[in-house]
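Q: What follows is each chain in one-letter form.
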Amino acid sequence: MPDKIKFTIDGKDCQADPGMTIYEAAKASGIYIPVLCHFEGLKPVGSCRICSVRVNGRWMASCTQPVTPGMVIENTSPEVEEYRRAIIEMLFVEGNHFCPACEKSGNCELQALAYRYQIMVPQFPYLFPKKDIEAFPKFLLEHNRCVQCQRCIRAIQTPDGKKIFAMKNRSGRVRINVDKKLAASLSDEEAQKAMDICPVGAILKKEVGFRVPIGQRKYDKKPIGSEIEEKR
Amino acid sequence: MNYKKILQKYRKDRTRLIEILKELQSREGHISEKAIISVADEFGLSRAEVEGVISFYHFLSDRPLGKYVVYLNNSITAEMAGREMVARAWEREAGCHFDQTSEDGLVTLLETSCIGMNDQEPAAIINGVVFTSLNPEKVKKLVGWMREGRAVQDMVEETGEGANGHELVRAMVRNNIQKTGPVVFGEYVPGQAIGKALETTPECIIDEVKKANLLGRGGAGFPTGLKWEFCRKEKGEQHFVICNADEGEPGTFKDRVILTERPEMVFEGMAIAGYAVGARLGILYLRHEYTYLRRYLEHVLQKMREQGWLGQNIAGRGFDFDIEIKMGAGAYVCGEESALIESAEGKRGEPRDRPPFPVQKGYLNLPSTVNNVETLATATQIITRGASWFRSMGTPVSAGTKLLSVSGDCERPGIYEVEYGLTVKELLEMVGAEDTLAVQVGGPSGNCISEAGFGRKICFSDLPTGGSIIIFNRSRDLFAVVRNFLDFFIEESCGWCVPCRAGNVLLKKKFEKIASGLGTVQDLKEIEAWGKIIKSTSRCGLGQTSPNPVLTTLSNFREVYQSRVSKEADFIPEFDLNRAVAEACAITGRKFQEEQEHA
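Chains as they are written, first to last, in our numbering: chain A, 311 to 542; chain B, 404 to 1002.
Since the hints were made in silico from the structure, they are not lab data.
Just so we're clear, the structure is a prediction, and the values are computed from it rather than from any experiment.
Careful, some of the hints might be misleading.
[Stated by the list, open to error] With a Cα cut of at most 25 Å, we get these calculated SDA-like pairs of lysine to any residue: (1) Lys353(A) <-> Leu767(B); (2) Lys441(A) <-> Ile893(B); (3) Lys425(B) <-> Glu894(B).
[Said to hold, decoys possible] Far from chain B, some chain A residues (derived; all Cβ distances over 12 Å): (4) Gly321; (5) Pro379; (6) Arg394; (7) Ser415; (8) Ala476; (9) Arg527.
Glycine included, C-beta positions come from ideal geometry on N, C-alpha and C.
Using the sequences plus the hints, can you model the full thing?
A: Below, the structure written as structure tokens:
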């Protein structure tokens, strides 16, 4: 058994196994670092930057950065929390998010983060981008709500490794692009998996909706992150 | 079209995907749906993945284009040299707007970011051929020739100096070498350095480069010897040397001139690096904008093989090393080394997370050293002349010389090889700049300095630069400069991470609010704070520097901003009703403001 790595988060002494990322190491210590693009079991991509922490004065994404001995990590300092709040607000204004009308309300991680960070009104002006809704045999893709986390790209692939979801374009025009031919052969289970893995209401399985009433959903009961903090 | 036959010769080599897409585009004018399907099937990719690659690059297109495709550069120096008039001339003569194709299918007009011709703007690339110093008359002539069906190469009437006139180049591009120095443009006999290098051990080479204190010339300034050492120590079945010839920082064009006039020095440097790190293959990643140099560079490589400086058993000492050229397809972010590697592997040029660093897991996940063109050329000279010769120039921290690409408001734009430690003031005198308002050192991602900073030195410890120097005189509007730079970063963001993708758009919006006179002191505070958030949390160097146009002008030209904002008002809405209805008022003849006053 290799030696544990010792480091601190907000002054608290922590230990982790070598090879763990800062996010994983914090989680193992019962400390919640908010994430949006990251999903357990998928290779981290560091796209949302909400998990940013300051390590010995330098900013890093905790979902991709391996923990190393002696790291002094700031996770809840006012500046770290302020920057995270700004990133969450950026996501709200660069898309078109109307929570009351969204099937994902209460199960949406972006909405849950906004509640956790007590965001009332974003500091940024809304960009009101023009985005489309696309329909496929088993699901809808609501680009207005997509946060480009790339979870669907990583999680849903054909058995021979072809990507059904892929990135298209660049800059603010970047979109999730669905391979129409491959999407047509998705099973009900895979479509459900795509919807479940989407942190927001961008991928919606057709023909079912509001099966669990609003008010009884995951984040209606407990704030996001509490499942980790309870283990502390 | 028989796609199968075309694809066959690439032997399912995924790393050549961009090259394949380029060939298909050159054959059909665009990459058709059928072509996309064929490529996807050949490589076992989904169509969505292939579309992802195509849509990432400026110079790849899945929609039909005209017979002549004009990419007009939109950098700030082009604007200063009359780009607007040239753009209107193109639209008038071609009969279509930008981002459109003329009805007869003859001409497509598109914009592109800096093409490395800042000293001879306005410039455009038409079907791969570069046209410089454009004006409305020249545009009229060019479109006239297009209507006659003339080949683009035959529209080049006069070629530039040096190798620009070589039969394999035949470009109207000018080198404008204004000042030569002892390193890159110093005395040089091809083949000497590699011969000398192979007489010693790789460790000795690394040691010599370390002793010379050679720091990366691309701008970041990482010690080259150390990079080579890290790469050498990594285990891997193969190591790679990659030459970063993707200079995309607006205002930089020195690598273009090095590759035109000193290609052997660069290639020799790659071979030396290969020997040092234990690589047998080098890749020159050449930006698409410099496609016109490709045939010439291939020719130089072939000559070097014939001389025994490349290929098998180099200089009879049992070292095998060869170089291949890989082309970019138009993306600024590919100048970032991990994005460059992704692109060289035939993918979207999106930066990777680090660690692992390219020296650990680079090209094909194998140890790779990525070095700038100038760095490699300089390494060649260090091996020939020795570390102490090199350290006798420049400053203790920043040894040697630097090539500067100077453009903007000055008498003599072009290339200057100067010793590190030169002050901005000395440089301005050297290039013949008068009445200077601001100097952009290091391009948009660098620092915009005012007269107060003209005593500062160009070196790694004071004003670092990859080579871009843009000069603005007092007749220029600083806000137009910042606006151009912000637009550049918004366009060139790969879109991967939130702060860069969304943050830069929001920063620009705030900037426009201030520029239009609707800003307050609070807005100045906010734009500064937003800039810091973007810099701190972005994933790669692009987002980590993209707010610099705002932040550095805010700190060096604060009075310009302060003169535009209201000192009394706590809040002014971004929406200005009078301005929004101004056009309607003009059409209807009603005077909105006066009515307000009556009420």
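Q: Over 12 Å to the closest beta carbon of chain B is the bar; see if Gly321(A) clears it.
A: Gly321(A) clear of chain B: closest Cβ-Cβ about 21 Å, beyond 12 Å.
Q: Looking at Arg394(A) again, its CB stays over 12 Å from all of chain B?
A: Given that some Cβ of chain B is not farther than 12 Å from that of Arg394(A), nearest at about 9 Å, it is violated.
Q: With the threshold set at 25 Å, check whether the alpha-carbon distance from Lys425(B) to Glu894(B) stays at or below it.
A: holds (22 Å)
Q: Would you assess whether Arg527(A), listed as outside the interface, keeps its beta-carbon beyond 12 Å of every beta-carbon in chain B?
A: Arg527(A) clear of chain B: closest Cβ-Cβ about 25 Å, beyond 12 Å.
Q: Take the C-alpha atoms of Lys441(A) and Ile893(B), compute the straight-line distance between them, and say whether it is at most 25 Å.
A: Roughly 18 Å separates the two Cα atoms, so the pair holds.
Q: A cut-off of 12 Å on Cβ-Cβ distance, and Ala476(A) was said to be off the interface with chain B. Does that hold?
A: Violated, since 4 Å does not exceed 12 Å.
Q: Is the straight-line distance between the alpha-carbon of Lys353(A) and that of Leu767(B) 25 Å or less?
A: Given pair Lys353(A), Leu767(B) holds - Cα atoms ~18 Å apart, limit 25 Å.
Q: Confirm or reject: Ser415(A) is not an interface residue toward chain B, with every Cβ-Cβ distance exceeding 12 Å.
A: holds (21 Å)
Q: Beyond 12 Å from every chain B Cβ: check whether that's true for Pro379(A).
A: holds (15 Å)
This entry does not satisfy hints 6 and 8, going by the numbered hints stated previously.
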